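Given these sequences and hints, build the entire structure.
Order-wise, the sequence lines are chains A, B, C and D.
Position one of the first sequence corresponds to residue 55 (this note's numbering), numbered consecutively onward.
Position one of the second sequence corresponds to residue 55 (this note's numbering), numbered consecutively onward.
Position one of the third sequence corresponds to residue 55 (this note's numbering), numbered consecutively onward.
Position one of the fourth sequence corresponds to residue 55 (this note's numbering), numbered consecutively onward.
If you're looking for bench data, these hints aren't it; they were derived computationally from the structure.
Note that the coordinates shown come from a computational prediction; the quantities given were computed from them, not determined experimentally.
Among the clues, some could well be false.
Given that identical chains are not distinguished, each listed pair holds provided it fits within a single copy or across any two copies.
With a straight-line cut-off of 20 Å between C-alpha atoms, the simulated SDA-like cross-links for lysine to any residue are [said to hold, decoys possible]:
{"no.": "1", "residue 1": "Lys88", "residue 2": "Ala204"}
{"no.": "2", "residue 1": "Lys255", "residue 2": "Gly217"}
{"no.": "3", "residue 1": "Lys211", "residue 2": "Thr263"}
{"no.": "4", "residue 1": "Lys211", "residue 2": "Gly259"}
{"no.": "5", "residue 1": "Lys349", "residue 2": "Ala338"}
{"no.": "6", "residue 1": "Lys137", "residue 2": "Leu157"}
{"no.": "7", "residue 1": "Lys255", "residue 2": "Ala218"}
{"no.": "8", "residue 1": "Lys211", "residue 2": "Ala256"}
{"no.": "9", "residue 1": "Lys349", "residue 2": "Asp333"}
{"no.": "10", "residue 1": "Lys203", "residue 2": "Ala256"}
{"no.": "11", "residue 1": "Lys255", "residue 2": "Asn215"}
{"no.": "12", "residue 1": "Lys165", "residue 2": "Pro278"}
{"no.": "13", "residue 1": "Lys255", "residue 2": "Asn195"}
{"no.": "14", "residue 1": "Lys349", "residue 2": "Gln337"}
{"no.": "15", "residue 1": "Lys211", "residue 2": "Asn262"}
Listed below, chain by chain, are the residues.
4 protein chains.
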Amino acid sequence: MSVIGFIGLGNMGGHMARNLLKNGKKLIVYDVNKTVTEQFRAEGCEVAQHPADIAAASKEIITVLPSSPHVKQVYTNDNGLLKTIQPGTLCMDSSTIDQIVSLEVAQLAQKKKAEYIDAPISGGVTGAQNATLTFMVGAGNDRTFERAKAILDLMGKNIVNLGAVGNGQAAKICNNMLLGIQMIAVSEAMNLGINMGLDAKALAGIINTSSGRCWSSDTYNPVPGVIEGIPSGKGYAGGFGTSLMAKDLSLAQNASTNTQAPTPLGSLAHQIYRILARDPHYQAKDFGVVYQFLKKSNF
Amino acid sequence: MSVIGFIGLGNMGGHMARNLLKNGKKLIVYDVNKTVTEQFRAEGCEVAQHPADIAAASKEIITVLPSSPHVKQVYTNDNGLLKTIQPGTLCMDSSTIDQIVSLEVAQLAQKKKAEYIDAPISGGVTGAQNATLTFMVGAGNDRTFERAKAILDLMGKNIVNLGAVGNGQAAKICNNMLLGIQMIAVSEAMNLGINMGLDAKALAGIINTSSGRCWSSDTYNPVPGVIEGIPSGKGYAGGFGTSLMAKDLSLAQNASTNTQAPTPLGSLAHQIYRILARDPHYQAKDFGVVYQFLKKSNF
Amino acid sequence: MSVIGFIGLGNMGGHMARNLLKNGKKLIVYDVNKTVTEQFRAEGCEVAQHPADIAAASKEIITVLPSSPHVKQVYTNDNGLLKTIQPGTLCMDSSTIDQIVSLEVAQLAQKKKAEYIDAPISGGVTGAQNATLTFMVGAGNDRTFERAKAILDLMGKNIVNLGAVGNGQAAKICNNMLLGIQMIAVSEAMNLGINMGLDAKALAGIINTSSGRCWSSDTYNPVPGVIEGIPSGKGYAGGFGTSLMAKDLSLAQNASTNTQAPTPLGSLAHQIYRILARDPHYQAKDFGVVYQFLKKSNF
Amino acid sequence: MSVIGFIGLGNMGGHMARNLLKNGKKLIVYDVNKTVTEQFRAEGCEVAQHPADIAAASKEIITVLPSSPHVKQVYTNDNGLLKTIQPGTLCMDSSTIDQIVSLEVAQLAQKKKAEYIDAPISGGVTGAQNATLTFMVGAGNDRTFERAKAILDLMGKNIVNLGAVGNGQAAKICNNMLLGIQMIAVSEAMNLGINMGLDAKALAGIINTSSGRCWSSDTYNPVPGVIEGIPSGKGYAGGFGTSLMAKDLSLAQNASTNTQAPTPLGSLAHQIYRILARDPHYQAKDFGVVYQFLKKSNF
Numbered sequence: 055m056s057v058i059g060f061i062g063l064g065n066m067g068g069h070m071a072r073n074l075l076k077n078g079k080k081l082i083v084y085d086v087n088k089t090v091t092e093q094f095r096a097e098g099c100e101v102a103q104h105p106a107d108i109a110a111a112s113k114e115i116i117t118v119l120p121s122s123p124h125v126k127q128v129y130t131n132d133n134g135l136l137k138t139i140q141p142g143t144l145c146m147d148s149s150t151i152d153q154i155v156s157l158e159v160a161q162l163a164q165k166k167k168a169e170y171i172d173a174p175i176s177g178g179v180t181g182a183q184n185a186t187l188t189f190m191v192g193a194g195n196d197r198t199f200e201r202a203k204a205i206l207d208l209m210g211k212n213i214v215n216l217g218a219v220g221n222g223q224a225a226k227i228c229n230n231m232l233l234g235i236q237m238i239a240v241s242e243a244m245n246l247g248i249n250m251g252l253d254a255k256a257l258a259g260i261i262n263t264s265s266g267r268c269w270s271s272d273t274y275n276p277v278p279g280v281i282e283g284i285p286s287g288k289g290y291a292g293g294f295g296t297s298l299m300a301k302d303l304s305l306a307q308n309a310s311t312n313t314q315a316p317t318p319l320g321s322l323a324h325q326i327y328r329i330l331a332r333d334p335h336y337q338a339k340d341f342g343v344v345y346q347f348l349k350k351s352n353f
Numbered sequence: 055m056s057v058i059g060f061i062g063l064g065n066m067g068g069h070m071a072r073n074l075l076k077n078g079k080k081l082i083v084y085d086v087n088k089t090v091t092e093q094f095r096a097e098g099c100e101v102a103q104h105p106a107d108i109a110a111a112s113k114e115i116i117t118v119l120p121s122s123p124h125v126k127q128v129y130t131n132d133n134g135l136l137k138t139i140q141p142g143t144l145c146m147d148s149s150t151i152d153q154i155v156s157l158e159v160a161q162l163a164q165k166k167k168a169e170y171i172d173a174p175i176s177g178g179v180t181g182a183q184n185a186t187l188t189f190m191v192g193a194g195n196d197r198t199f200e201r202a203k204a205i206l207d208l209m210g211k212n213i214v215n216l217g218a219v220g221n222g223q224a225a226k227i228c229n230n231m232l233l234g235i236q237m238i239a240v241s242e243a244m245n246l247g248i249n250m251g252l253d254a255k256a257l258a259g260i261i262n263t264s265s266g267r268c269w270s271s272d273t274y275n276p277v278p279g280v281i282e283g284i285p286s287g288k289g290y291a292g293g294f295g296t297s298l299m300a301k302d303l304s305l306a307q308n309a310s311t312n313t314q315a316p317t318p319l320g321s322l323a324h325q326i327y328r329i330l331a332r333d334p335h336y337q338a339k340d341f342g343v344v345y346q347f348l349k350k351s352n353f
Numbered sequence: 055m056s057v058i059g060f061i062g063l064g065n066m067g068g069h070m071a072r073n074l075l076k077n078g079k080k081l082i083v084y085d086v087n088k089t090v091t092e093q094f095r096a097e098g099c100e101v102a103q104h105p106a107d108i109a110a111a112s113k114e115i116i117t118v119l120p121s122s123p124h125v126k127q128v129y130t131n132d133n134g135l136l137k138t139i140q141p142g143t144l145c146m147d148s149s150t151i152d153q154i155v156s157l158e159v160a161q162l163a164q165k166k167k168a169e170y171i172d173a174p175i176s177g178g179v180t181g182a183q184n185a186t187l188t189f190m191v192g193a194g195n196d197r198t199f200e201r202a203k204a205i206l207d208l209m210g211k212n213i214v215n216l217g218a219v220g221n222g223q224a225a226k227i228c229n230n231m232l233l234g235i236q237m238i239a240v241s242e243a244m245n246l247g248i249n250m251g252l253d254a255k256a257l258a259g260i261i262n263t264s265s266g267r268c269w270s271s272d273t274y275n276p277v278p279g280v281i282e283g284i285p286s287g288k289g290y291a292g293g294f295g296t297s298l299m300a301k302d303l304s305l306a307q308n309a310s311t312n313t314q315a316p317t318p319l320g321s322l323a324h325q326i327y328r329i330l331a332r333d334p335h336y337q338a339k340d341f342g343v344v345y346q347f348l349k350k351s352n353f
Numbered sequence: 055m056s057v058i059g060f061i062g063l064g065n066m067g068g069h070m071a072r073n074l075l076k077n078g079k080k081l082i083v084y085d086v087n088k089t090v091t092e093q094f095r096a097e098g099c100e101v102a103q104h105p106a107d108i109a110a111a112s113k114e115i116i117t118v119l120p121s122s123p124h125v126k127q128v129y130t131n132d133n134g135l136l137k138t139i140q141p142g143t144l145c146m147d148s149s150t151i152d153q154i155v156s157l158e159v160a161q162l163a164q165k166k167k168a169e170y171i172d173a174p175i176s177g178g179v180t181g182a183q184n185a186t187l188t189f190m191v192g193a194g195n196d197r198t199f200e201r202a203k204a205i206l207d208l209m210g211k212n213i214v215n216l217g218a219v220g221n222g223q224a225a226k227i228c229n230n231m232l233l234g235i236q237m238i239a240v241s242e243a244m245n246l247g248i249n250m251g252l253d254a255k256a257l258a259g260i261i262n263t264s265s266g267r268c269w270s271s272d273t274y275n276p277v278p279g280v281i282e283g284i285p286s287g288k289g290y291a292g293g294f295g296t297s298l299m300a301k302d303l304s305l306a307q308n309a310s311t312n313t314q315a316p317t318p319l320g321s322l323a324h325q326i327y328r329i330l331a332r333d334p335h336y337q338a339k340d341f342g343v344v345y346q347f348l349k350k351s352n353f
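This is the structure we're talking about:
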């Protein structure tokens with residue numbers, strides 16, 4: 055049986071790798087955190103010294119890394135994947151990074167007769183744990199997509215074929231820009247309405263059955279007490295942090311500049327999360343905490 | 055049988071008044087447009103010379119007017135409603151106006167021992183025509199709400215009791231601020247994604263099943279061809295005009311200033327619609343035309 | 055000798071009134087703060103019970119009040135100026151308020167055959183103390199301007215004739231909107247440059263001799279240590295508070311909405327000062343403290 | 055006598071190179087535009103086939119290029135400067151580019167034992183023509199600065215020593231971000247004031263003697279007729295184009311993201327110029343044309 059290479063065993067990647075193990079896959083793994091790799095060794099995985107060891111041992115490689123430079127390094131460093139990559143290898147990158155970097159790495163892989171797809175994910179830590187993630191896949195062609203899908207199916211429930219390489223990042227970045235704006239917008243509207251005398255639940259009720267409805271209002275409302283079981287009800291602990299949102303919005307701004315597409319609300323949302331991400335009161339909190347930033351009696 | 059007073063027979067009010075007629079109600083009507091009032095006379099309504107004639111003849115009065123000053127004038131002018139209003143009269147204002155003006159007029163009505171509720175509407179011209187409007191009602195108490203509901207039921211299908219007078223305006227303004235922001239945000243995200251290489255329908259598909267979903271994306275998408283039968287597919291004809299959106303956002307900004315609630319995205323959205331509302335290419339179009347304003351090859 | 059009426063003896067008005075006394079003028083004064091009026095009584099002024107007493111006793115009346123509603127009340131209340139105002143009276147309002155309110159009050163005064171000019175001031179507490187204020191005067195005609203100038207000259211050194219009533223407010227509001235934007239812009243640029251490795255004084259030196267120069271950079275730089283003797287060097291104590299700036303920017307936003315003039319940066323600046331004005335760390339500080347809000351290591 | 059290498063003979067570089075010729079310097083030049091290089095050949099310059107020819111022939115090299123990728127290519131391409139660069143060469147880059155690229159290229163030059171300074175310029179085409187430019191120099195040490203100054207003095211009148219390599223770009227980027235914001239801010243304030251009834255010159259007069267004064271108001275006012283002899287009086291022809299401003303603001307946004315420094319007004323200004331730079335009515339015009347974009351009767 056072939057071995058799957060897995061690089062990046064963090065909050066998301068760790069759960070994803072374990073779902074492969076649960077499905078009986080053999081893994082060779084790499085992460086900078088040695089405590090984590092030792093756990094995976096204990097669970098029966100081979101542990102690589104360098105990404106290059108992975109490419110030498112496996113022809114199906116998954117990467118789940120924090121940012122564009124990390125992906126670039128894992129591929130192009132002296133001990134990087136490209137050093138030893140075998141013809142016919144399928145590289146699946148589930149990091150959320152600049153589209154331009156995905157395209158660059160794809161080209162480098164192609165020169166080595168390997169395939170590279172971008173397959174960023176949504177669904178959060180819970181989705182990673184329960185193998186219910188959505189993968190937004192830019193595979194370039196249907197055959198490559200099907201080859202990837204056979205593996206991604208073990209970690210998610212919704213594998214979307216978006217066509218050209220880079221399209222996965224595009225979809226992820228656009229969705230998250232929209233999300234980042236909407237969370238601030240819902241926070242503004244809820245706070246304004248409460249200041250005008252409305253009950254929070256009554257206002258959310260109106261919005262959620264009207265033209266203002268959105269996921270940030272009807273599923274992830276940032277006002278404590280409106281919806282149970284989400285971060286806003288638990289002091290904004292857990293969830294999707296303000297600095298991760300600031301990072302995703304910076305990818306959207308990079309893409310805007312590259313394509314010259316104007317994004318006035320996207321850029322303002324980026325600045326607002328940047329302010330939060332630098333403030334100790336907000337930086338470790340779920341991005342819904344922007345409601346507290348705007349709220350009157352919070353200070 | 056008692057007669058209902060109706061002031062403001064425009065795009066919305068005209069249909070609403072006719073739904074009362076269909077339900078067998080007797081009306082006394084007033085509008086500045088004499089062509090319209092003659093039509094209503096031909097349909098069997100009494101036509102008043104002044105608002106004051108309405109208040110003298112009816113104890114249930116509906117107003118559907120374009121802006122705060124119009125409402126104030128209809129009530130307080132020399133020939134206004136307050137001149138002749140009878141104790142026990144119920145005034146139902148379905149205009150979308152400043153909350154502060156609703157509260158002022160309510161107080162003036164109370165001095166004359168009349169009741170005033172704010173009951174702004176959503177659902178558009180189609181909703182007005184088909185009697186499927188939502189009424190957001192600030193009635194002050196349940197008895198008054200029930201008295202109003204008996205009439206509003208003839209014009210809408212969803213009559214929401216929001217409590218204190220002014221709360222109807224608050225809910226309407228907050229929802230529409232959110233809507234105005236989301237339409238720009240969806241336009242930015244769709245335009246960015248298309249510039250990054252995505253197919254518009256594929257991108258909308260991702261967003262509408264992800265955390266970025268909202269009414270402006272899944273029901274009223276501003277990109278031509280994504281959804282059939284809405285203004286974006288018909289050159290942005292009909293629908294909800296940019297200048298109406300600019301007006302609703304100005305109400306939100308007034309409320310923000312009154313309550314000192316910060317609304318950074320709301321204020322930027324306001325400015326963007328103001329720019330559109332002053333440009334002949336955009337001012338008579340549905341507010342989804344902001345997508346064309348942001349789009350690359352449009353100029 | 056005629057007596058001058060003076061209403062509003064606060065931070066600015068108090069110094070202004072004393073400059074009239076120094077020039078040998080007789081005053082009748084009014085303020086809601088009785089401690090202050092007793093001081094003026096001790097300095098030889100008559101103290102009025104109500105604004106109406108002032109209008110009965112004086113034909114030259116100066117008002118220096120915090121906001122539009124205050125001005126409206128002082129004129130139109132039951133014991134307001136308009137109750138007793140004498141034909142030929144000259145009302146000089148040095149408050150910074152909505153232009154629309156200036157125009158309203160001017161009209162009410164005119165009905166009583168009195169004159170009303172708006173004459174908002176710049177120059178701060180120091181200028182008020184040293185009689186070096188600038189008055190931006192909307193007098194309507196040159197004769198009225200000259201009549202006012204004879205008195206304003208005792209409190210300022212620069213009395214500018216801007217023509218129609220309301221033009222004083224227009225000039226003040228536009229200048230202060232520009233100022234509010236520039237202070238944030240200088241804070242952003244200085245903070246960015248320092249984060250990029252520049253010395254603050256070297257950067258200010260470049261800006262102040264280049265196309266980016268402005269008063270907020272070369273005279274009132276918000277970075278501590280760049281310029282001596284201003285609030286940024288004293289923990290942002292004194293100076294022009296964030297809530298006063300938020301108020302002036304709200305006047306600019308009201309005027310933008312009335313005239314439909316788009317002000318995207320003005321509206322964003324307004325929101326930023328509103329956020330500061332509600333935060334106990336910033337609300338009592340000079341408006342240059344926005345630099346600290348944006349600065350990295352501040353939190 | 056030694057020969058100076060010069061790469062980039064556009065609007066700015068062309069005049070700068072001619073000022074060196076006027077001072078008796080020998081030049082070897084390179085530009086992608088062959089018409090331009092033939093003119094320089096006719097004026098007695100040697101013309102290089104590739105940047106590498108320049109580095110082989112000269113130990114003092116000036117580059118004036120449009121953007122970061124151009125600079126990177128001229129240095130690192132197969133026939134780039136680094137291919138043949140001689141130890142002890144002084145590279146002076148007067149392009150306005152990302153600080154991060156300046157630092158990268160400086161490091162590559164250092165590996166070849168050459169020196170690299172960033173020396174972006176201000177003063178416009180007129181300054182380039184009349185040798186009155188300001189050079190903002192990041193030279194790393196005083197000896198290198200003095201070596202560069204001996205040459206830069208022939209093209210400018212103000213050579214500022216800002217210390218570390220990269221500091222020139224930092225100063226230029228921060229100044230221009232401030233400039234871009236101020237031009238929009240002045241346009242907003244002038245347009246608002248005119249809409250409120252003020253005469254444009256009277257308003258500019260107040261601002262220019264008050265706390266709102268800045269270069270964009272007192273030297274380069276965007277309202278036609280306020281100042282003579284500048285682009286706003288000539289249909290916004292000539293001057294500094296909207297797309298150049300959009301580009302400089304994109305450098306500021308890149309720097310903001312790299313340093314995590316929040317720049318809310320800078321990012322909104324960036325988006326506004328991006329909208330202008332994509333509109334045929336505005337894209338070839340001086341950046342003061344933003345006034346026309348905001349103005350009421352323009353459409």
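Here's how the hints hold up against the structure:
no. : hint               : in the structure
1   : Lys88 with Ala204  : neither (29 Å within a copy, 55 Å between copies)
2   : Lys255 with Gly217 : between (42 Å within a copy, 13 Å between copies)
3   : Lys211 with Thr263 : between (28 Å within a copy, 13 Å between copies)
4   : Lys211 with Gly259 : between (30 Å within a copy, 16 Å between copies)
5   : Lys349 with Ala338 : both (18 Å within a copy, 19 Å between copies)
6   : Lys137 with Leu157 : within (18 Å within a copy, 27 Å between copies)
7   : Lys255 with Ala218 : between (43 Å within a copy, 15 Å between copies)
8   : Lys211 with Ala256 : between (35 Å within a copy, 18 Å between copies)
9   : Lys349 with Asp333 : both (16 Å within a copy, 10 Å between copies)
10  : Lys203 with Ala256 : between (43 Å within a copy, 18 Å between copies)
11  : Lys255 with Asn215 : between (38 Å within a copy, 13 Å between copies)
12  : Lys165 with Pro278 : neither (52 Å within a copy, 39 Å between copies)
13  : Lys255 with Asn195 : between (47 Å within a copy, 19 Å between copies)
14  : Lys349 with Gln337 : both (17 Å within a copy, 15 Å between copies)
15  : Lys211 with Asn262 : between (27 Å within a copy, 16 Å between copies)
Violated hints, in rising order: 1 and 12; the structure is consistent with all others.
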